[in-house]
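These protein sequence lines map, in sequence, to chains C and H.
Anchor point for the first sequence: position 353 equals 353 in our numbering, and the numbering is continuous, going up by one each time.
Anchor point for the second sequence: position 93 equals 93 in our numbering, and the numbering is continuous, going up by one each time.
Don't read these hints as lab results, they were simulated from the structure.
No experiment lies behind these values; they were computed from the predicted model shown.
Where hints are given, some of them may not hold.
Each computed DSSO-like pair below joins lysine-lysine, with the alpha-carbon atoms no more than 27 Å apart [claimed, not checked]:
hint, chain 1, residue 1, chain 2, residue 2
1, C, K52, C, K370
2, C, K253, H, K176
3, H, K56, C, K208
4, C, K97, C, K121
5, C, K253, H, K61
6, C, K198, H, K56
To be clear about the criterion: a stretch of chain C counts as covered by chain H if any three or more of its residues have a C-beta under 8 Å from a C-beta of chain H, and this derived list gives those stretches [what the hints assert, rightly or not]:
hint, stretch
7, 134-147
8, 170-179
9, 210-221
10, 238-245
11, 338-350
If the Cβ cut is set under 8 Å, some of the chain C residues that face chain H in the computed set are [as the list claims (entries may be wrong)]:
hint, residue
12, V54
13, N58
14, D268
15, F271
16, R290
Positions of the beta carbon are idealized from the N, C-alpha and C atoms, including for glycine.
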Amino acid sequence: MTSPFNFLAYEQPFFCEIMRIHDLKFLFFLLLFLVFLFTFSPAYPQNPVHLKAVDTPNDKGESITLALEGLSEDPAISEYEIWRATDMDENFQLVAKVSSKETTYIDTGVKDGIRYSYLLKYRKGADVLVSPITGPVISRGQWFHTQRVNVLLGVIISFIFILGFVRYAKKAKKLYIRPISGLQAIDDAIGRATEMGKPILYSAGLGKMDRVATMASMNILSSVAEKTAEYNTPLIFPNYDPVVMTTAQEVVKEACSRAGHPEAYHPDNIFFVTQSQFGYAAAVDGIMTRQLPATNMFLGTFEAEALILAETGNSIGAFQIAGTDSTIQLAFFIVACDYTLIGEELFVASGYLSQDKQVLGSIKGQDWLKVVIVFLILLGGVAGILGFNKIIEFFNVG
Amino acid sequence: MQRIIPIIVCFIFGAFMLVQFFVPHRVSVSAYQTVLDWMQIIFVFTLLVGVISYVKLSSKKITRTQSGWGYNLIGLAGLVVMVIFGFWKGTGERTPFLWMFNTIQAPMQSTMFSLLAFFVASAAYRGFRARSWEAGLLLLVAVIVMLGRVPLGSFISHWIPDSANWILNTPSMAAKRGLYIGIGLGTISTSLRIILGIERTYLGKK
Numbered sequence: 001m002t003s004p005f006n007f008l009a010y011e012q013p014f015f016c017e018i019m020r021i022h023d024l025k026f027l028f029f030l031l032l033f034l035v036f037l038f039t040f041s042p043a044y045p046q047n048p049v050h051l052k053a054v055d056t057p058n059d060k061g062e063s064i065t066l067a068l069e070g071l072s073e074d075p076a077i078s079e080y081e082i083w084r085a086t087d088m089d090e091n092f093q094l095v096a097k098v099s100s101k102e103t104t105y106i107d108t109g110v111k112d113g114i115r116y117s118y119l120l121k122y123r124k125g126a127d128v129l130v131s132p133i134t135g136p137v138i139s140r141g142q143w144f145h146t147q148r149v150n151v152l153l154g155v156i157i158s159f160i161f162i163l164g165f166v167r168y169a170k171k172a173k174k175l176y177i178r179p180i181s182g183l184q185a186i187d188d189a190i191g192r193a194t195e196m197g198k199p200i201l202y203s204a205g206l207g208k209m210d211r212v213a214t215m216a217s218m219n220i221l222s223s224v225a226e227k228t229a230e231y232n233t234p235l236i237f238p239n240y241d242p243v244v245m246t247t248a249q250e251v252v253k254e255a256c257s258r259a260g261h262p263e264a265y266h267p268d269n270i271f272f273v274t275q276s277q278f279g280y281a282a283a284v285d286g287i288m289t290r291q292l293p294a295t296n297m298f299l300g301t302f303e304a305e306a307l308i309l310a311e312t313g314n315s316i317g318a319f320q321i322a323g324t325d326s327t328i329q330l331a332f333f334i335v336a337c338d339y340t341l342i343g344e345e346l347f348v349a350s351g352y353l354s355q356d357k358q359v360l361g362s363i364k365g366q367d368w369l370k371v372v373i374v375f376l377i378l379l380g381g382v383a384g385i386l387g388f389n390k391i392i393e394f395f396n397v398g
Numbered sequence: 001m002q003r004i005i006p007i008i009v010c011f012i013f014g015a016f017m018l019v020q021f022f023v024p025h026r027v028s029v030s031a032y033q034t035v036l037d038w039m040q041i042i043f044v045f046t047l048l049v050g051v052i053s054y055v056k057l058s059s060k061k062i063t064r065t066q067s068g069w070g071y072n073l074i075g076l077a078g079l080v081v082m083v084i085f086g087f088w089k090g091t092g093e094r095t096p097f098l099w100m101f102n103t104i105q106a107p108m109q110s111t112m113f114s115l116l117a118f119f120v121a122s123a124a125y126r127g128f129r130a131r132s133w134e135a136g137l138l139l140l141v142a143v144i145v146m147l148g149r150v151p152l153g154s155f156i157s158h159w160i161p162d163s164a165n166w167i168l169n170t171p172s173m174a175a176k177r178g179l180y181i182g183i184g185l186g187t188i189s190t191s192l193r194i195i196l197g198i199e200r201t202y203l204g205k206k
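Hey, can you work out the whole structure from these sequences and the hints?
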C-alpha cells in the first residue's frame, strides 16, 4: 500500500530516511509532542513570580492578604520587595521585604475603601525583575465571621433545646434529675457541722465573677447559707476576689433572710484575703488548722492550690465536698475529698437544690443536647471512615 | 428596680458578648475592647473594696485580741509597709518594694507551691490503694504512665512509654473530652439562664 507521504521519498529522500514517516498516526503524535515541548520548554520563559491580593477575610478591616506564588529559592535572589500603590497616587511605594520562604504577607498598613494595587520586585544578579501588577483590591471589615457559621448553628440549636425544655418544664408536673451524691451530701455536711458545733468553710477558689463556675458556686452558696442560717451554724468564706466577696455577702444575707434568721448573717465571716494564689492557699490553710471546720466546701474555679487546700482539709478530718470545671484539678479533689461534683454537676447544682422548674427544664435540655452531640460524634466517625471530609471540616472553628 | 436593673444590664452585656463573637468588624472589636478596659478599671476599684474589708477585719481582730490576732498584725504591717515604700521609693529596680517582694513574698509563695509535691505524694498514696479491682486497675495504669514518663520505663522496655502514650492519648483523652462536652453544655445552659434572668440566685434571689 502506498503511503500518502511517499512523495517525500522522491522530493526529500534524506529527511524521509531519518524520520521514517510512514504513518499518519505517527505524525499526529509527533505534532502533539511538539506542542507539549513548545508549551513547557524553558526556552519560552514565563514570569514565574505572581502576586494575588484579596481583602483579608473575616477581619475587622484595614488589611489585605497577599499570596506570593512562584517565589524561587535561587540563592541569587536574596529577597523580594512588595510595592503598593493607590488609585489616587499611582506611584508604587515599598511596603515590605520578604524572603522566598514566605507564602503570604498581610498588609495591615492600608485603609478601608481605598483601591490598592501591588507588585513584586526582586533582583537577580544585575537584573531587576518585576511581577505583573495585581489589583485593585479594596479592604473592608466584615460583619459576619463566615468560618463561625457552625458555632452559630450550634448556639441556635442549643438555645432551641434549652428554651424549649424551659417552656415545657413550666407546664410539666415533675422533672426527674438523677440523684447527685455530692449534692445530696450537703445536708449531711451541714448536719455534721451543726452537731459538732464547728463552722463550715466555703471557698469559690480563684474564679472571678465572669467565670460561669463562680456563678454556679454562688447558686450553691445560696442553698448552703439558707440551711446554715436555719441551724445557726457559722459559715466562713475567705475570698480571692473582692467582687466575689461582695456578691457572696449579698447572697448569704438574702439566704439568711429567706430562712427567717437575718441575725445569722455575719459580714465579717465573708472576707477578702489576697489576690496572690499561694497567699490565698496559705490563708485558707491557716484558717482550717486554727478553726478546725467540720466541713469544707470547695466549689468553683481552682488551680494548683486545689490539692493544698483539699489535703490540709483532709488532714484535719473535715468532711469535704468539692466541685470544679477544671479537669486537671478534679483528679486531686477526687482523691482528697469525700464527694466531688464532676464537671457539669457543678452547673446543675442550683436547679437540683432549689428544684426550680425552669432551671430543671434547662438541665433537661442540656441532657438532650448531649444526645445530639453523641449522634454528631457517630456521624463524624462514619464520615471519617467513608472519607467524607467535608462533613468533618464543617466542625472546624475559624 | 433593685433586681430588674442588674438583670437588664446582664442581658445587654451577655447578648453583646455573644453577638460580638460572630462579628469581626472594627466596630465590634473596638466595643469589645472598651468593655474589657472597663472591666480592668472596675477591677482596680473593687480591689480597694477588698483592701478596706481586709483592713477593717484585721483591725477588729487586733483591737479585740481575738484568736490568731498576731497573724493579722503581721499581715496588716506587711500591707502598710509595702504601700508606704511603694509610694515613697517606687516599685522599679533597686527599690525596697521590689526587694521585699523578691526576698519575702516570692520565697513564701514558692514555699507554699513546693508543699504541693508532698501533698501529691500523700494524695497518690490514698488514691492508689488497691482496695477494689477498680482501684487495682487505677494503680496498674498509674504505674505504667509514671514509668512511661521517666527514662527507666524506656530502659525496661519500649512498650512502657508506648503504652503510657496510648493510655494518655486514647482512654484518658476520651474521658476528658466527655467531661469537656458536659462542662461546655453546662456553661452554655447556665449562661443562657443568667442572660435571660431565669437564674437569679447570684443576685441573692431564688
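Each hint tested on the structure:
Note on K52(C) and K370(C): the hinted pairing is violated, with a Cα-Cα distance of about 44 Å set against a maximum of 27 Å. Distance hint between K253(C) and K176(H) is unfulfilled; the C-alpha atoms sit about 38 Å from each other, more than 27 Å. Between K56(H) and K208(C), the direct Cα distance comes to roughly 22 Å. Compliance with the 27 Å bound is thereby established for this hinted pair. At most 27 Å may separate the alpha-carbon atoms for a hinted pair to count; K97(C) and K121(C) meet this at roughly 9 Å.
Proposed proximity of K253(C) and K61(H) is supported: the alpha carbons are some 22 Å apart, at most 27 Å. A hinted pair counts as satisfied when its Cα atoms are at most 27 Å apart, and K198(C) with K56(H) qualifies at roughly 24 Å. With a threshold of 8 Å between beta carbons, the proposed coverage of the stretch 134-147 of chain C by chain H holds, since 5 of its residues qualify and at least three are required. With 0 residues carrying a beta carbon less than 8 Å from a beta carbon of chain H, the stretch 170-179 of chain C misses the three-residue requirement, and the given coverage is violated.
For the stretch 210-221 of chain C, the assignment as covered by chain H holds, since 6 residues bring a beta-carbon within under 8 Å of that chain's beta-carbons and 3 suffice. Coverage of the stretch 238-245 of chain C by chain H holds in this model, with 5 residues showing a Cβ closer than 8 Å to a Cβ of that chain against a need of three. Only when three residues or more bring their CB closer than 8 Å to a CB of chain H does the claim for the stretch 338-350 of chain C stand; here the count is 7, and the claim holds. Interface hint status for V54(C): violated, as the beta-carbon distance to the closest one in chain H is roughly 15 Å, over 8 Å.
At about 5 Å, the closest approach between the beta carbon of N58(C) and any beta carbon in chain H falls short of 8 Å, and the interface hint on this residue holds. Taking 8 Å as the C-beta contact cut-off toward chain H, the hint placing D268(C) at the interface holds, the least distance being around 6 Å. Here the hint on F271(C) is kept, as its CB sits about 5 Å from the closest CB of chain H, short of 8 Å. With a least beta-carbon distance of about 5 Å to chain H, the hint placing R290(C) at the interface is held under the 8 Å criterion.
When each numbered hint is compared with the structure, violations occur for hints 1, 2, 8 and 12.
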